Amino acid sequence: MTTTSSEPSGSGSTSASGSVSAKSSAPTRVVQLNVPVTMAERKVWNSKRCSCTAAAGLKAEQANASYPSNETRTAQYTAYNFVFLNLFYQFSRIANFYFLIVAILSAIPQISPIHPWSSFMPLVTVVLISMVREGIEDYGRHKQDKEVNRSTAHVLVDGVIEDIEWRWLVVGDIVQLLDDGPVPADLVLLATSAEDGTASVETKNLDGENNLKTKRAIRAIHDASKDADSELEYFAGFSGTVETSMPVPDLQEFTGTMTNVSGFDDPFSVSHEELLLRGSILRGTKSIWAVVVFSGPDTKEMRNKISRPPKRTHVDKLMTRCILLILALLGLTLIGAAVAASFWQADNGAAHVYLGLEDDNRGFVGFKAFFTFFILLSTLVPISLIVSIEMVKVVHMLQVNIDPDMYYAESEIPARARTSNLSEELGQISYVFSDKTGTLTENVMRFQKCAIAGVVYGHSDVCHDAILDPAATTSS
Numbered sequence: 001m002t003t004t005s006s007e008p009s010g011s012g013s014t015s016a017s018g019s020v021s022a023k024s025s026a027p028t029r030v031v032q033l034n035v036p037v038t039m040a041e042r043k044v045w046n047s048k049r050c051s052c053t054a055a056a057g058l059k060a061e062q063a064n065a066s067y068p069s070n071e072t073r074t075a076q077y078t079a080y081n082f083v084f085l086n087l088f089y090q091f092s093r094i095a096n097f098y099f100l101i102v103a104i105l106s107a108i109p110q111i112s113p114i115h116p117w118s119s120f121m122p123l124v125t126v127v128l129i130s131m132v133r134e135g136i137e138d139y140g141r142h143k144q145d146k147e148v149n150r151s152t153a154h155v156l157v158d159g160v161i162e163d164i165e166w167r168w169l170v171v172g173d174i175v176q177l178l179d180d181g182p183v184p185a186d187l188v189l190l191a192t193s194a195e196d197g198t199a200s201v202e203t204k205n206l207d208g209e210n211n212l213k214t215k216r217a218i219r220a221i222h223d224a225s226k227d228a229d230s231e232l233e234y235f236a237g238f239s240g241t242v243e244t245s246m247p248v249p250d251l252q253e254f255t256g257t258m259t260n261v262s263g264f265d266d267p268f269s270v271s272h273e274e275l276l277l278r279g280s281i282l283r284g285t286k287s288i289w290a291v292v293v294f295s296g297p298d299t300k301e302m303r304n305k306i307s308r309p310p311k312r313t314h315v316d317k318l319m320t321r322c323i324l325l326i327l328a329l330l331g332l333t334l335i336g337a338a339v340a341a342s343f344w345q346a347d348n349g350a351a352h353v354y355l356g357l358e359d360d361n362r363g364f365v366g367f368k369a370f371f372t373f374f375i376l377l378s379t380l381v382p383i384s385l386i387v388s389i390e391m392v393k394v395v396h397m398l399q400v401n402i403d404p405d406m407y408y409a410e411s412e413i414p415a416r417a418r419t420s421n422l423s424e425e426l427g428q429i430s431y432v433f434s435d436k437t438g439t440l441t442e443n444v445m446r447f448q449k450c451a452i453a454g455v456v457y458g459h460s461d462v463c464h465d466a467i468l469d470p471a472a473t474t475s476s
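Each residue of the sequence shown is one higher than the last, beginning at 1 in our numbering.
Treat the hints as calculated values from the structure; they're not laboratory data.
Be a bit skeptical, because a hint or two may be false.
Unchecked claim - Pairs of lysine-lysine, DSS-like flavour, derived with a Cα cap of 30 Å:
1. Lys-305 - Lys-143
2. Lys-146 - Lys-213
3. Lys-43 - Lys-143
4. Lys-213 - Lys-305
5. Lys-317 - Lys-213
6. Lys-43 - Lys-146
7. Lys-146 - Lys-204
8. Lys-143 - Lys-204
9. Lys-146 - Lys-286
What you are looking at is a predicted structure, and each value in this text was computed from that prediction instead of being measured.
Work out the full structure: start from the sequences and follow the hints.
Have a look at this one:
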């Protein structure tokens, strides 16, 4: 398989069969289709340890290290960066950073009136609890990634259909999908079991829409596979090159040209109508044949899962605002206490020799007093509140997982909370969007009535004491 970047050339021309040769100045990717790649070569490709094909002992037409493998990872941490990255996120929170400063200052005997362990131990406890919680959650994501990467796909290899794990797929592989099968990578549809060359896919995992999308195979290739003695023999001898646009997150943005197709002289244009996206599921179609054009991190699904810092809930944001307010009041108190201490020691220090006060200037006395009072008054920010919130998040997540009311009996699927960071956001509604505008609502939304747990609330012409079936909660 050869994969290179190039600029398409040639004049634009369209034939009666729907083939096209497009001219564009945008960067493109070129992939050679259906080139045999052995399992050993796939594993070398997937290892990402080679900087060039020669270093891996592979032929130029079989691998290109510039393109990623089909293995994906949604986990935030790895075994190598967990401690450092998690500590960075931990101390990016105002409260943790505040207690870190207090702990450091308490280790300076000249200004600290307390033992440093009294400040370090609460901070270490909070950080360890958060690290253990996030470590357990991220380990669950690693297990899910492993399960997905080890799913199998039917791949055409040397004229034979083999079951190959998703992580071993490479760009240019020809894949056969069966009904209700998940799409392992971004594929260009070549042929389907339907006579008209269409296939239906479910994309609710990508765009949230439940309605099926119709995809169309390249008609000339589809018809040629139907005219052959068998589709397997046809695609076993299939070859060609596809030149596509660079991978982008937009689900609807995709253009390309398929050239040098065996049995055809003219090129064929491809667009998002022929593109099957990773994360979608084939529905209502017995089988399809497609070729991998984007794999792993280049797929649109993964392009939309860019790395982001941990989200902050409304409770976290409220706690941060409260802490900032406390720190502002604490700052004013410290300034007043430091000024008062400097004047008091200057006027009364000599009379209280038993206190062991040093004869320093007022500025230095105030400076030391500021940090001494800062350590003494550090309890104004309640570290116990942070510990309590962390524990409540964990318990809430476990409660969601075992809640029988959130168990979907038809599919035998229980609720699974993948993270506890946002558990307190459940049921919190900030915005209500509706597509019923204009004629139906006159662009005005007025609350009428609703029923919660069988009790009717709101204005209505009917009796307010009407009790509905709790299982049939309605609203109007």
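Report task. Mind listing which of the numbered hints don't hold for this structure, in increasing order? Result -> Hint 5 contradicted; others consistent.
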